[in-house]
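K.L.:
Using the sequences and the accompanying hints, generate a full structural model.
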Amino acid sequence: MKRLLLWMAVITATIPALGQRVITGKIVENESKEAMMMTTVKLMKTDSTLVKGLLTAENGTFSVTAPADGKYILKVTSVGYKDYTNNITVTGGKDVQLGTIALTADAIMLEGTTVKGHAAKVTLKEDTFVYNAAAYRTPEGSVVEELVKRLPGAQVDDDGKITINGKEVKKILIDGKEFMTGDTKTAMKNLPTSIIEKVKSYDEKSDLARISGIDDGNEQTVLDFGIKRGMNKGFFTNNDLAIGTKDRYAARVMAARMQDNFRVMGFGNANNVNDRGFSGRGGGGRSGLTAHKMAGANFNYEKKDKLKLDGSVLWNHSDGDTRTKTAAENFVSTVGSFSNSLNQNYSRSNSWNAQMRLEWMPDTMTNIMFRPNFSYSTNDGLSMSRSATYKDDPYLYVFDPLDEKDIEELAENDVMVNSRKNNSISYGESKNFGGSLQINRKLNNTGRNVTLRMGANYGESENKSLSTSNVHLYQIKNILGLDSTYQTNRYNLTPQKNYNYNVRTTYSEPIFKATFLQFSYEFQYKYTKSERSTFDFSNLGENFFAGITPQFRGWDEYLNRLDNPYQDYLDDDLSRFSEYKNYIHDIQLMLRIIRQAYNFNVGVTVMPQKTHFVQRYQGHHADTVRTVTNVTPTLDFRWKISKVSQLRFNYRGSTSQPSMTDLLDITDDSNPLNITMGNPGLKPSFTNSFFIRYNNYIQHRQQAFGANMSFNTTSNSFSSRVTYNPETGGRITRPENINGNWNIKGSFFYNTAIDTTGYFNVNTSTDFGYEHYVSYISINRNSDSQKNVTKSTSIREKLAGSYRNEWIEFEVNGTVTYNHARNALQPNSNLDTWIYSYGFNTSMTLPWGMGLSTDFNMNSRRGFNDESMNTNELIWNAQISQSFLKNKKLTLSLQFYDLLHQQSTISRTINAMQRNDTEYNAITNFAMLHVIYRMNLFGGKAAREGMRDGRRTDRPGQRGGRGPRMGGNRGGGGFGGPGMF
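Here the numbering used here runs 210 ahead of the position in the sequence shown, where the first position is 1.
These are computed hints drawn from the structure, not numbers from a lab. Fair warning: there could be bad hints in the mix.
Straight-line distance between alpha carbons at most 25 Å, and here's what the computed DSS-like set of lysine-lysine pairs gives [unchecked claim]:
#1 K415 to K516
#2 K518 to K381
#3 K518 to K380
#4 K850 to K415
#5 K736 to K791
Taking CB as the label site, the calculated pair distances span [to be verified]:
#6 K243 to K456: 32 to 40 Å
#7 E670 to N1082: 47 to 55 Å
#8 K820 to W1044: 48 to 56 Å
#9 Y731 to E767: 54 to 62 Å
#10 E767 to P882: 25 to 33 Å
#11 F859 to F580: 34 to 42 Å
#12 S671 to P882: 24 to 32 Å
Glycine included, C-beta positions come from ideal geometry on N, C-alpha and C.
P.N.:
Okay, structure coming up:
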């Protein structure tokens, strides 16, 4: 019995000790005393053997358990800061409290940053995704577009549109401050990745919600780039100059001055690698040749709780040279309709944009915000094209369906329907300016407030265009029994003026604790006037303008051939005058319930509006007034499950009205091959939209995952009845209402570290969509249109696994996309296609400042009816870089794009109306030599004193560059192309 009692006493004394030896502390930044999240903490034995590694929480705290009593080394590391090391002795099974540990910024370190530690790739807090930039290595000298393309759930398309977790990014912030408001491309193409520590993605509240403190559910998705800690004070400049084979060039310069309450950034670039500011990492593109030049500046000033001032100005210039060769099959006739075209377009444009935000808080209860804006732009264009339409596939008969001799052969075989030659010149100039003023006054501290918002905008433009067209109809004979021909030669002058103003008042009343009733009323007036003068030279003969080569603004060469002044050729029927006056009342009533665990908004918007439309066109004079009322219900529910988990559901109903021109019973036959008709019986459409999203994060496993789904259904959708004329190859189009259109989309992502230190990572994302699309198809002019249903399903899966340490990263990745489509009336447009992209990339950072990277990626297509589309493209890109000078300020980088010459410039699109194959002129294979120079003066007082005293902590190597990579999707040329992740 005594032995049993003794053993029980020993066990009782031992059990509490098993849970002890916990080492705790908090990491803060030395000067600002701000908590440092995602900072690497390592507990090691005295021989430097790793016991356990972890990351600090959002509030900077950490907790690590020692396995036994003894001596240990605690090491704290963070990019841009001096390492912290502490010798710890654990005795008697007791906890060790280290208190607050302050890390000092390392200005020397910031000159040539080394990626150390293995922070989590992504963390979550409620609806905010926080991506650790150090975990996504990018090529030396790259900009943040390359970083964003690597983020789980993010996509950047050919036009620069950013979507992340299924939502389009509308705004860019830097450290929470506005940057080039309304323009996401400038930041994406100019901010260097070397200064970014983290990227946040979240839904930013509206100005009204932010100021009033009452969430109104009106949000926009933003990307917020966080500057590395210690770099938000001082000066830096990044300069990147490059020259390449095939006459390629690129240059980018950026400089920034940052202080506690003021920062200014300036940037400029020029390149001919088809990118609006991304020097040399665009891979040449696959849609023509474009040269861009730009310059801009952005500033931010803030006096806490008193004044915020933001502004930007931007100049853009571009020159384009695009040659497209297109072959299409139109699914509008049972007798077959094929067409080919060859188009050469040249363009040039200039634009100036400026905007500012002034936010003044004269006291704690009042907020006044003023946002002015201005823009000016000019655009020149000219094009030369040849096109033709055929009864049958012309490639069954000839090699080049647009060659003159081949056209004659096709005509002899009765395959030709029409042929066209078109030349055009255009010029446009526009000016716009306006602004908004918002005044908010809190009437008490419980949520009662009133807001007055006013806005006005004015714009005017002047457009000129001259076009010549020669059409040959092979199925219609003239009185002599020959093929019919006609010409359309016109000169258009179109001045336009528009202005609008609005006044909105909003009142919020607390009816219960954290429960508000919000009422708002807005009046808008919109005015637009367009007065097009058309001068018609179509009856002057088939070869009247023969021999003239189109030039920018070269209309004088055409007009000088006229026998009379061009004003004598004014055609009143083809000229068009139109004037819109819109009077809109917006009445909104919302109930908003705000709780710690959830937010709930429900309400309705009633929008009566009156439109007065006047038009004179083709001998018809229309003066009509339409009065309609739109009703839009809304519901939004957000459940904050925890600090890192959230469930959100949203519903919105919306009404769309047909345009006034579609409602007018007028037939426009100014283009005989494209005749349009109005329909006064059109009804408004109504769309129900549902959206649900869930996300979660498990910190100790470094796991982030989430899912979202949307469903949309529309009644009385706007569609078009298309009647095809097999004799001319022309179409007659009339708008109609149709029912049965709906779609559902969803996505899921999962990102996790396999080991506790984050050396191994796996991420995957799945996207799916189904669309039920109903349209009208007319087989010929004598038959009624038939409803056609197209059912399309798409599934896309991305999977990647990686290993990374201080000097090497290796990743294997793959993407597969499956498209399934069924067309009820045109089974020849059915689809079952697969697109694969799979390969690997690797990068190494060597101690002497050299970086090596490469990637291999196979892009394959299968299941297309045309065997020429079932291709394999093995894309190999490579890069080598070497850093020089003290602190690695100078870097030389040699990059190779598409070393195997495999990237194609052919694309195919298929929808319910047609199949279209397009080939572009492009340069996809070339090499670029970059010279990159950085000058950085960052860090606090202690760090700067360290620089002057010559103290430094050497770091082997520099920030490694992830290998250049080739995207598997359209337009994904060069490093970091879409489709890799």
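K.L.:
Compare the structure with the hints numbered earlier in the document and write down the numbers of the violated ones, lowest to highest.
P.N.:
6
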